[in-house]
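Participant: For reference, the chains in residue letters:
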Amino acid sequence: MNQTTTLERPRTGATASLEVTHALTQTLYREARCLDDEDYAGWVAMLADDLHYHMPGIETRYRRDKTDQVTDLTRMAYYNDSLDEIKKRLLRLETGTAWSEDPATRYTHIITNVEVEHTDKADEFRVFSNFYAYRNRNERDEDSLIGSRIDIWRETGGAYQLVRRRIILKHNVMLSKNLNIYL
Amino acid sequence: MRLERIGREPEFSRYMDLKEGWLDRRIFSDAEIYEEELYRIFARSWLFVAHESQLPKAGDFLTTHMGEDAVIVTRQPDGSIKVYLNSCPHRGNKVCFADAGNTRRFVCNYHGWAFNTAGELQGMHEEYCYDEGDIDRKKNGLRQVARVGSYKGLVFATFAQDGPSLDAWLGDFRWYLDMLLDNEEGGTELVGGCIKSVISANWKFGVENFIGDAYHAGWTHDSGCRSMNDGQPFPPIDMENSYHASVNGHGWEFGTEGVGDLFLLGRPKVMEYYEKIRPKMADRLGTMRSQIFGSVASASIFPNVSFLPGISTFRQWQPKGPMQFELKTWVIVNKAMPDDIKDEVTKGVMQTFGPGGTFEMDDGENWENCTTVNRGVVTRHERLHYRCGIGRQIDHDTLPGIVYRGQYNDANQRGFYQRWLDMMEATDLGAMPPRPEPRLTGVAETRDLPGLFAL
Ligand code: FES
Ligand SMILES: [Fe+2]
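Residue numbers (the working numbering), protein chains in the order written: chain A, 103 to 285; chain B, 946 to 1400.
Treat the hints as calculated values from the structure; they're not laboratory data. Be aware that one or more of the hints could be misleading.
So the derived list for chain B, only partly shown, Cβ under 8 Å to chain A, looks like this [stated by the list, open to error]:
1. H1010
2. G1086
3. I1140
4. R1171
5. I1182
6. E1271
7. G1301
Derived DSS-like pairs (lysine-lysine); straight-line CA-CA distance at most 25 Å [what the hints assert, rightly or not]:
8. B:K1002 <-> A:K168
9. B:K1280 <-> A:K168
10. B:K1225 <-> A:K168
11. B:K1287 <-> A:K168
12. B:K1225 <-> B:K1287
13. B:K1214 <-> B:K1280
14. B:K1039 <-> A:K189
15. B:K1002 <-> B:K1225
Ideal Cβ placement from N, Cα and C applies to all residues, glycine included.
Construct the complete structure from the given sequences, taking the supplied hints into account.
Facilitator: Below is the structure:
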C-alpha cells in the first residue's frame, strides 16, 4: 500500500485530459448511484484490493495549533478502513437483522466540484470532489452531510478503481445519530 | 454551591416503584423534570470531565460540559488540574472556542478580558476605562468548580461544595473500575481525538442501556455481531455465572467467561494480547477479576459515563434538553500496549461503536423512538416494565455492591434510578444512603485490598 500515490498535494498535478476527466467524473457519479441504490456489490467492485478509506474525526482547534488531525492515522476516525474492513461493515446489511435499516434509509449523494489531476504514476489519478449526502428515513428523520474528498483512482483494464479516499466532513459534532452511509 | 431549587418539596418518588419494578415514562421527556435534573443531579454530582492523558503538559486544555454548563479543563504548571466555567464574568461570552489545545491564556473575544490558565483575571483591553474600585481582579476570574478529583486517570469535577468525596462517591465501584483502569502496569490513556454525535433521545436511555442492558445486545446487535465475526451469533449467556453489580447508582453487568466482549470487537490480535497478559492481570487484580475482564460486559458511572471493558469504547452522554443528548466517544487503551495493538483496538472500536460502527448504528434509533413515543399524552401515563430478574439478588463473597445473578436483568437499571431518585430528593447530599454499605473503606488504592480475591 505504501507504493501507492499519496493524497498529498501533487508534485506533478497537471490537469488530466478532458477524456480522462470525463471518464472519472462519470465514475464518481456511478459510484454515487450505487450508494444511493444500496448496490453495495456494485460499489465494492469499484474498490481496489489495496483500498484505504479514511474519514478522520476532526476537533475544533485554534489556527496556531499544529496537531495533525488529518493524516495521523492513530487518531480517532469515523472510517480508517481497508477493503476487508469495509466488507465486514457491509456484512451487517446481509444478515437480515440490521433492524435500523428496515424500512430502508433513502439516500441521495450529490457529487460536485470534480477536478482530476495526473500523479507520478501514469495509471493513477488524483480526484478532488465535494459531496452533499442527504438521508431521510421513516417519517421525518433527515440529515445532511457535507464535505470534501480527495481520492486516488487507478485505471485497470478500461475501468477505474478507488485506491485511496480521504473524506473531510465539515461537522464538528456530527449532527446525526449514526453514519449508516458511505461518502 | 447554593441552589435555590433544592429544598423544594420533593415528589419524585411518584415516578417509580423500584420494589415493584416500574418507571413513569414522563422522566424521559418532561421539560420540568429535566430542568430539575440539571440542578439536582448535574450541578451536584461528580462528573467526568477528562482523562489525565488528554492533558499531559502544563497549559493543555480541553472544553466540555458539566450538565449543560460549558467548562474548561486545564493542566496547571504544578501538575494539578483546574476546571472552571467557560464563560466570561464580564458579559458571559465563551472564552474558549476550541475543543482542545495548549495555551498560556484565554482572552475573551468581546472586550478582551484575559485570563491565565488558572482562570484568574490578568488584565483587559483599554484597562484605563475602569476607575479605582470598579473592578477587583481577584473576584472576577473564571468561576471555578467546587472540587476536582481523579481516580486512576479519570478526572471528575463537581459544583457541589459539600457532599461525598470522589472516593466515597465511587465507593466499592472502584473494585470494578480497576478492571478497566488498572488491568496492566501503567494504566490507561485515551486515543487522540473525540468523536461527537447527536441523538434525539433522553440522556438516561444511553446510560441505562450500558449500565445493565445485556438483554438488548443479542437481539438489537445480532447483525453487528455477525458482521464482525464471520456470521457467528452472539456468544451464549450463562445466567448462573453472570451478574449485575450496582454501587451508588453506578453499575457493571458482566459474564465470567473472559472473552465475550473481546470476541465482539472482532480483532483476533487484541484477543491474543489480553490472553497473553491475563496471568499478570490475575496477579494484579485476582483471579476473578481477570476472568471478568473481557467477558460480555458493559458499565456506566453515575450519572452519564459509560464504557465497554474489552471493547474499549468510552463515552459520555451529555444532556442537551429532555429529548436530546450529545454522545462523546473515545477509545481507551492501556498505555503499555504496543502501538500496533492500540491501532487494532482503535479500529475495532470505530468499526463497532463509532457512529458508523456495526453495533452503534442499531442503538440510536431505539433510544430516539423510546423518547419520542413515550411523550404522547396518553402514552406517557403508561408505566414501563423494569422487573426483569427482580427476585435474583444474592450475597456474594467476592463481588461488592448490590449483586444480582444473571446478566439478563434490570437490576443495575433499578439501581441507577434509585440513585437518580436519591439525588432528586436529597436536600443534603451527605445524608444520601450508601447503596449498599461499602466493603472498601475510603482507600484510593483498591487494587490490593485483602479479602476480596477468593473466587
Ligand atoms: S464579555 Fe468577555 S470581555 Fe466582555
Ligand atoms: Fe446497544
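Participant: The structure should be examined with respect to each hint, and the outcome stated for every one.
Facilitator: Hint check results:
Given hint, H1010 (chain B) at the interface with chain A, is violated; its Cβ is 12 Å from that chain's nearest Cβ, farther than 8 Å. Hint on G1086 (chain B) is violated. Least Cβ distance to chain A is approximately 21 Å, over the 8 Å limit. Because the beta carbon of I1140 (chain B) sits about 4 Å from the nearest beta carbon in chain A, less than 8 Å, this interface hint is met. Annotation: interface hint on R1171 (chain B) holds; nearest CB of chain A at approximately 5 Å, less than 8 Å.
About 17 Å separates the beta-carbon of I1182 (chain B) from the nearest beta-carbon of chain A, more than 8 Å, and the hint is not met. Annotation: E1271 (chain B) was flagged as interfacial toward chain A, and the flag holds, the nearest CB pair being 6 Å apart, inside 8 Å. Taking 8 Å as the C-beta cut-off, the interface hint given for G1301 (chain B) holds, the closest approach to chain A being about 4 Å. Between K1002 (chain B) and K168 (chain A) the CA atoms are separated by roughly 16 Å; this keeps the pair inside 25 Å, and the hint holds.
A threshold of 25 Å between alpha carbons decides the hint, and for K1280 (chain B) with K168 (chain A) the separation of about 24 Å falls inside it, so the pair holds. As the CA atoms of K1225 (chain B) and K168 (chain A) are separated by approximately 39 Å, the hinted pair breaks the 25 Å bound. Proposed proximity of K1287 (chain B) and K168 (chain A) is supported: the alpha carbons are some 23 Å apart, at most 25 Å. Straight-line distance between C-alpha atoms of K1225 (chain B) and K1287 (chain B) comes to about 19 Å, which keeps the hinted pair within the 25 Å bound.
Restraint check for K1214 (chain B) and K1280 (chain B): satisfied, since their Cα atoms lie roughly 17 Å apart, inside the 25 Å limit. Note on K1039 (chain B) and K189 (chain A): the hinted pairing is violated, with a Cα-Cα distance of about 44 Å set against a maximum of 25 Å. For the hint pairing K1002 (chain B) with K1225 (chain B), the CA-to-CA distance comes to about 31 Å; that exceeds 25 Å, so the pair is violated.
Of the numbered hints listed earlier, those contradicted by the structure are 1, 2, 5, 10, 14 and 15.
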